[in-house]
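There are 2 protein chains.
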Amino acid sequence: MNLVDLSARELLDRFASSDPTPGGGSAAALVGACGAALVAMVSSMAKTRTGAPEERERLDTALRWAREAGARLRVLVDEDTEAYDAVRAAYRLPKATEEEKAARKGAIAVALARATDVPMRTAEACLVVVKAAQEAAAHGNPNAVSDAKTAAALAWAGLVGAAENVRINVGSPGETQSALLTELEEATREARSRLESLGLL
Amino acid sequence: MNLVDLSARELLDRFASSDPTPGGGSAAALVGACGAALVAMVSSMAKTRTGAPEERERLDTALRWAREAGARLRVLVDEDTEAYDAVRAAYRLPKATEEEKAARKGAIAVALARATDVPMRTAEACLVVVKAAQEAAAHGNPNAVSDAKTAAALAWAGLVGAAENVRINVGSPGETQSALLTELEEATREARSRLESLGLL
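Here the protein sequences line up with chains D and S, keeping their order. If you count the first sequence from 1, position 171 lands on 171 in the numbering used here, and the numbers rise without skipping. If you count the second sequence from 1, position 80 lands on 281 in the numbering used here, and the numbers rise without skipping.
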């Protein structure tokens, strides 16, 4: 059963339990999905900002972005928990012999790479939602501008939460790591500047 | 049936539909509740930052704050939708006669006051979660610091989303309105400074 098929109450209770999964990475994806849903709401309303036809086009694009990113984020809720459970399982592998030690080390590296990749994709999808929210705020129904701005704040929080999860799992510095962290910083900076344009920061 | 008793998937679908409720106010409360749940996770873990007894005390306090605020936020998910539905119902009241007009005007004022009060309480509860998250990040299990920081980002987003909903419903300026907006600005400023301390802004 997928986490998003649990009741919201049950899912919140699972986050609240002292068990490390589901944790911040899954919560970040869920909150990004929440932002995507609000963008979908605003951009599928019949009313646009002034009624100009180009607004409808911009909103249709925002709706497509929000739906695609939202669908990915719902899947990432589970992927993050699976990835982190795999990290924990790898650390529990036996390490009595040299062979076991080598196998365990390899398994940990593979699991950590995945536990870095998953929140990285969450951060990317959240950035798409921030962009779509900005479009919805600019061109959508003025009565729903608070919903579009809420969506942007939620997606920013999902991005920032995912970024913290990338950083904690990325491990010792190397070329791949430093490329990932640069991409993450750029995404964070872009999201922040979009929130500033919306008057949220 | 309460909104948090729906599956998370169904709740996301309801946010995504072009119907204005549930909307940003309910989503903000849900995301604040998500942040509260992550704080509860980190502060109920057996391991603390260094193992010092005062850390356990600080975390027990953070846990109590997170549980109380989280319980309120779960209820506010529904209250926000009910409050906004009441505003829409008031606007649909008949306005053919002077009496009807007066009754409708009164009903709208009452409904808008509630639709301001509910997100105001969401913002207040989210601020408590930001504080609790900061405690959890400072004194909790270092392996879960990314969860505590994610919680702070989520609660900030809930606060900012709720604030947008207060502003859109608060109506024409008056003493009550200006007191509310001042309280809101202070809460936003405090949350922002706490996020800056956590390196999230």
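None of these hints come from the bench; they were simulated from the model. Where a beta carbon is used, it is the ideal one built from N, C-alpha and C, also for glycine. The reader is advised that the hints may include incorrect statements.
Claimed, not checked - Straight-line distance between alpha carbons at most 20 Å, and here's what the computed SDA-like set of lysine to any residue pairs gives:
#, chain 1, residue 1, chain 2, residue 2
1, S, Lys248, D, Thr48
2, S, Lys306, S, Thr377
3, S, Lys306, S, Pro374
4, D, Lys47, S, Arg293
5, S, Lys306, S, Arg322
6, D, Lys47, S, Ala312
7, S, Lys296, S, Val276
8, S, Lys248, S, Asn344
9, D, Lys47, S, Thr377
10, S, Lys302, S, Asp318
11, S, Lys248, D, Val87
12, D, Lys47, D, Glu57
13, S, Lys248, D, Lys47
14, D, Lys47, S, Ser219
15, D, Lys47, S, Arg215
16, D, Lys95, D, Ala109
17, S, Lys248, D, Ser17
18, S, Lys248, D, Glu57
19, D, Lys47, S, Asp286
20, S, Lys306, S, Glu325
21, S, Lys248, S, Pro343
Stated by the list, open to error - Only part of the chain D face toward chain S is listed, based on derived beta-carbon distances under 10 Å:
#, residue
22, Gly70
23, Ala107
24, Ile108
25, Glu164
26, Arg167
27, Gly171
Unchecked claim - Stretch-level coverage of chain D by chain S, calculated; a stretch enters the list once three of its residues show a Cβ under 8 Å from a Cβ in chain S:
#, stretch
28, 40-47
29, 79-93
30, 137-146
31, 149-156
Problem set entry | Supplied contact hint for Ala107(D), tested at 10 Å Cβ to chain S | Interface hint status for Ala107(D): violated (19 Å vs cutoff 10 Å).
Exercise. Do three or more residues from the stretch 79-93 of chain D put their C-beta atoms closer than 8 Å to C-beta atoms of chain S?
Worked result: This one is violated; 0 residues, fewer than the three required, reach chain S with a Cβ under 8 Å.
Exercise. Regarding the pair Lys248(S) and Glu57(D), is the alpha-carbon distance no greater than 20 Å?
Worked result: Given that 20 Å is the threshold and the Cα spacing comes to 53 Å, the pair is violated.
Exercise. Taking only the CA atoms, is the gap from Lys47(D) to Ser219(S) under or equal to 20 Å?
Worked result: 10 Å, holds
Exercise. Are the Cα atoms of Lys248(S) and Pro343(S) separated by 20 Å or less?
Worked result: Satisfied, since the Cα-Cα distance of roughly 9 Å is no more than 20 Å.
Problem set entry | Lys248(S) paired with Asn344(S) [C-alpha distance capped at 20 Å] | Distance of about 9 Å is within 20 Å: holds.
Exercise. Do the alpha carbons of Lys306(S) and Arg322(S) lie within 20 Å of each other, as the hint requires?
Worked result: 25 Å, violated
Exercise. When you check the alpha-carbon spacing of Lys248(S) and Ser17(D), does it fall within 20 Å?
Worked result: 14 Å, holds
Problem set entry | Holds or violated: Lys248(S) to Thr48(D), with C-alpha atoms at most 20 Å apart | 52 Å, violated
Exercise. For the pair supplied as a hint, Lys306(S) and Pro374(S), is the alpha-carbon distance within the 20 Å limit?
Worked result: 17 Å, holds
Exercise. Counting residues of the stretch 149-156 of chain D that have a beta-carbon nearer than 8 Å to any beta-carbon of chain S, does the count reach 3?
Worked result: Held - the stretch 149-156 of chain D has 6 residues with a Cβ nearer than 8 Å to chain S, which meets the minimum of three.
Exercise. When you check the alpha-carbon spacing of Lys47(D) and Asp286(S), does it fall within 20 Å?
Worked result: Roughly 19 Å between the alpha carbons, so the hint for Lys47(D) and Asp286(S) holds.
In summary, the structure is inconsistent with hints 1, 5, 6, 7, 9, 10, 13, 18, 20, 23, 24, 27 and 29 from the numbered list given earlier, while agreeing with the others.
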